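Residue 1163 in this note's numbering is what sits at position 213 of the sequence shown, and the numbering runs on without skipping anything.
Please keep in mind that the hints were generated in silico from the structure rather than gathered at the bench. Hints are supplied without guarantee of correctness; some may be wrong.
[Said to hold, decoys possible] With a cut-off of at most 27 Å between alpha-carbon atoms, the simulated DSSO-like pairs for lysine-lysine come out as follows: (1) K1167 to K1091; (2) K1091 to K957; (3) K963 to K1167; (4) K1167 to K952; (5) K952 to K963; (6) K1091 to K952; (7) K1167 to K957; (8) K1168 to K952; (9) K957 to K1168; (10) K1168 to K1091.
[Claimed, not checked] Pair by pair, the computed Cβ-Cβ distance ranges are: (11) I1057 to L1159: 43 to 51 Å; (12) G1141 to L1021: 39 to 47 Å; (13) G1155 to T1042: 37 to 45 Å; (14) E1010 to I1057: 42 to 50 Å; (15) V1148 to I1045: 20 to 28 Å; (16) P1016 to A1140: 25 to 33 Å.
Small disclaimer: the values here were computed from a predicted structure and weren't measured. Virtual Cβ for every residue (Gly too), placed ideally from N, Cα, C.
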Amino acid sequence: MKGLIVKDIELTKNQGKTLLILAVVIGVFLEISGIGSDFATAYITIIFSLFASTTVSYDEYENGFPFLLSLPVSRRDYVNAKYAFSGILILTAWIIGTVFGLVFRGIRGEEVFAPDKLGATIGYLAVSVVFVAVMLPLRLKFEGDKGKLILPLVIAGAGIILYGGVKLADLSGIDAEKEALRILNGVGTAGILGMLAVIMVLAAGISWLWSRQIMMKKEF
């Protein structure tokens, strides 16, 4: 399994360097423009999570799956390695993004370790985990041209659900933003972090089981 993780790291190393530079440049621009360190942290964390599912495309290239599975690795090893690599990638991006935000808060003279700001960064981590949890099994399920459509469809679907939920709340006379803030304030910081942790664990666990099932039934 270690070899599969190293493979994914090597495959994304060059693109990752370019993306990191681009993310930092955009992050600096966001900070200078006054949009805020939270948005920059979210951007760096979420944009890097895209790489986790794109590595499946590399494995499909030139009939790569049969070759990989001819090595002394099982289908279960492949899935485990893919999720381990995804976790490493997301956590690394999150740490970089969080440090980036902390540095700029200090430069601005803001409170560096403000509880609400740190809580928000955990939220971005949770979003990235859920995103990858949805993307990985779908990319394993659909190959070729169908697989290329997964990312825009997932993003579009998330946007439609979010927009539809807000519009439905408006039609019901509910201020979605105020209601969400009221619930979050009632739960408290500890409760929010606990919920996010549960969401991440459940999303990753369900996704992992689903991906395992897909790989066991997949024909090459």
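Now the hints, each set against the structure:
{"no.": "1", "hint": "K1167 to K1091", "verdict": "10 Å, holds"}
{"no.": "2", "hint": "K1091 to K957", "verdict": "21 Å, holds"}
{"no.": "3", "hint": "K963 to K1167", "verdict": "31 Å, violated"}
{"no.": "4", "hint": "K1167 to K952", "verdict": "23 Å, holds"}
{"no.": "5", "hint": "K952 to K963", "verdict": "16 Å, holds"}
{"no.": "6", "hint": "K1091 to K952", "verdict": "23 Å, holds"}
{"no.": "7", "hint": "K1167 to K957", "verdict": "24 Å, holds"}
{"no.": "8", "hint": "K1168 to K952", "verdict": "22 Å, holds"}
{"no.": "9", "hint": "K957 to K1168", "verdict": "21 Å, holds"}
{"no.": "10", "hint": "K1168 to K1091", "verdict": "8 Å, holds"}
{"no.": "11", "hint": "I1057 to L1159: 43 to 51 Å", "verdict": "44 Å, holds"}
{"no.": "12", "hint": "G1141 to L1021: 39 to 47 Å", "verdict": "46 Å, holds"}
{"no.": "13", "hint": "G1155 to T1042: 37 to 45 Å", "verdict": "21 Å, violated"}
{"no.": "14", "hint": "E1010 to I1057: 42 to 50 Å", "verdict": "44 Å, holds"}
{"no.": "15", "hint": "V1148 to I1045: 20 to 28 Å", "verdict": "22 Å, holds"}
{"no.": "16", "hint": "P1016 to A1140: 25 to 33 Å", "verdict": "49 Å, violated"}
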